[in-house]
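Below are the chains, spelled out letter by letter.
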Amino acid sequence: MTAEHKLFAYAPAPESRSVVDIAPSYGLFVDGEFTEAADGKVFKSVAPATEEVLSEVARAGEADVERAVAAARRAFTSWSALPGAERGKYLFRIARIIQERSRELAVLETLDNGKPIRETRDADLPLVAAHFFYYAGWADKLGYAGFGPDPKPLGVAGQVIPWNFPLLMLAWKIAPALACGNTVVLKPAETTPLSALFFADICRQAGLPRGVVNILPGYGDAGAALVAHPDVDKVAFTGSTAVGKEIARSVAGTDKRLTLELGGKGANIVFDDAPVDQAVEGIVGGIFFNQGQVCCAGSRLLVQESVADEVLDALKRRLATLRLGDPLDKNTDIGAINSAEQLARITELADAGDAEGAQRWTAPCELPDSGYWFAPTLFTGVTQAHRVAREEIFGPVLSVLTFRTPAEAVAKANNTPYGLSAGVWTEKGSRILAMADRLRAGVVWANTFNKFDPTSPFGGYKESGFGREGGRHGLEAYLR
Amino acid sequence: MTQADARLSVLKTYKLYVGGKFPRSESGRVYEVTDAKGRWLANAPRASRKDARDAVVAARKAVAGWSGATAYNRGQVLYRVAEMLQGRREQYVAEVADAEGLSKAKSAAQVDAAIDRWVWYAGWTDKVAQVAGGGNPVAGPYFNISAPEPTGVVAVVAPQESALLGLVSVLAPVIATGNAAVVVAAEERPLPALSLAEVLATSDVPGGVVNVLSGRTAEIAPTLAAHQDVNAIDLTGADAELARELEVAAADNLKRVLRPRQPYDWTADPGTGRLTAFLETKTVWHPTGSLGVSGSAY
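Chain order of the listed sequences is A and B. FYI, in my numbering the residues of the first sequence are 1 to 480. FYI, in my numbering the residues of the second sequence are 481 to 778.
Derived from the structure by calculation, the hints contain no laboratory data. Treat the hints with caution; some may be incorrect.
To be verified - Think about it this way: if two alpha-carbon atoms lie no more than 27 Å apart in a straight line, the pair counts; the simulated DSSO-like pairs of lysine-lysine are:
1. Lys607(B) to Lys141(A)
2. Lys541(B) to Lys412(A)
3. Lys89(A) to Lys41(A)
In this text the structure is predicted, and so the values were computed from the model without any measurement.
Chain A with its partners taken away, still in its complex shape:
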């Protein structure tokens, strides 16, 4: 470490772990009770920053899916018959309890996922509570939502969520489902099951009737069994495009309703008149938020040729100041990659960038000895044919391409099977609107990036999936 780095070294400022009490083992949450898996299988949940085993969790299998769907079906009759106002009050309770326990949940999420406490504390948890609060208010107003005067719930929703925003994805799935009168069986990701199990406890505290929410920690086999279960009326999945396609095939010919929120390869487009410092902040937030493990990440930087050098210099200067390390440290910007498997995937794709002739630049930072880490990385000299420009890396790797004209920017931005997000940076209002019009993406951030809100519909075009989560639009997936 150089003297200059030492001069600006921060003292450690870790958030206390004592606020959260992780039990040595957890069961499945079925019909209001924690139970072992039918076949007694368990798996370990590991802290990606330290590889410490946090807890041993029951692993759901087919028999458990059967049990959970049956519990959700039993609960559906009375839950859907409740007046909307009463259902809403349960959700309001949940929102309030999440607020009360938000520090505990933030620390838990940071431990189990590896993302910085700054993000779980300031982004994930406030959004989780807000999401429940928002949909709570819809529960008794569904007739005004534009889906007919007396819309009905679908029944049992089978929901499968990813590991990148474990509790937030749970909120996006469960809040609208319950507000509309459905009951749910949710499978969290195998690397991040803990916050969903804490949520089960919140359901208990809120007095939620048994069976309305069932949580099945497990692997892909449990997810596949859940979406294929004949008594599931609605499937909601967030995850990879490959799995999304499998699910779409598996529900073909059934009456199951389906929404998919899948991968992305978002273009972040910087024009020559953009305010460079603000654009750089947006680029950094766009790709390094949550270590780039974000489906809507701005993973392709399209920068106008005339300002490319200036933007890249500023970007590298900024990246050199990012602090990578202990996710529980309040000064940490870049946390751990969620799993060894994901780290291997990122490494493989980055190596493909080298092999295909793009130039790699890595932010100068030391990586901790244990845990899963990947330093913020840029590739320049990237062509549209390169894998790092085409494939979702889902890590802190930014591919930089250039363009000359707005038309070229649009063509390059849209040259992907994905269509989840895009960013535009320019001072010219008409150009923002023209670009927003032509970009084939479900969310367009202009002079900002990676902003989320419960009132704002989120979801993709093309192979980024279909259906919207959030806002009035998010109700449609759970009503008939």
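With chain A's structure known, arrange chain B on it following the hints.
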């Protein structure tokens, strides 16, 4: 026998409608179309998989212009379709009566309902964005708006029974919002669809916005369902087995799928479901900033 009876009428050669032109099938194939009583009506082109791919190319070419037209303009074009159909009402009454084996009065009711359906959707073109979109009150200093956009190229497996009213009921909502369509006409009753193409061609509907293929549904539809440049598929006219097969193929590039929901009552209020089935919601954010002299411009 009067002189008029003695005159041999001029029969129409029915053709496909692709990219605003009326080609025969590239395969050179035709098949016999009969009326409800089995009497020969015409030889319809039996479209091939190549014809289906050509139609997708034509539809894709048309998307930019049609989706970029103003909603008001699209509304006027759709209304023009109603006007043209009204002018040729008697022709369609006869064709629908032949195709569906209806009395003249019942057939006329179908044609009138089809004309009115174009009017219904003509009025929707510049309203659906307000009904399906809007501003979102996000908790922060951002302007945030959601608006629907057409998904792109939509393959439409037209209803097999209702040759005109059913067809119009599935086609008009697809194009009202700015999509381009490739229609697989009712297999046994394709003539009203092929004739509708003549109306579309003279109604200022740009070439390629609607493409009509006749032939074997089970031969043409799988090509469209598997086509990587088709964004969505309406399975209304597919039977359960074919619909499942098409939905599986459609998953390959995650087409938006509208499943069949038998039975259909085409005389009922159509609602907005078929309009919104082929729309994407785009949400745009921008900082609202402040007017202060210090601090960020955003």
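Each hint, compared with the structure:
Using a Cα cut-off of 27 Å, the hinted pair Lys607(B) and Lys141(A) holds, with the two alpha carbons roughly 23 Å apart. Restraint check for Lys541(B) and Lys412(A): the C-alpha separation of about 18 Å stays at or below 27 Å, so the hint holds. Proximity of Lys89(A) to Lys41(A) is assessed by CA-CA distance (about 36 Å); at most 27 Å being required, the pair is judged violated.
Of the numbered hints stated above, the single one contradicted by the structure is hint 3.
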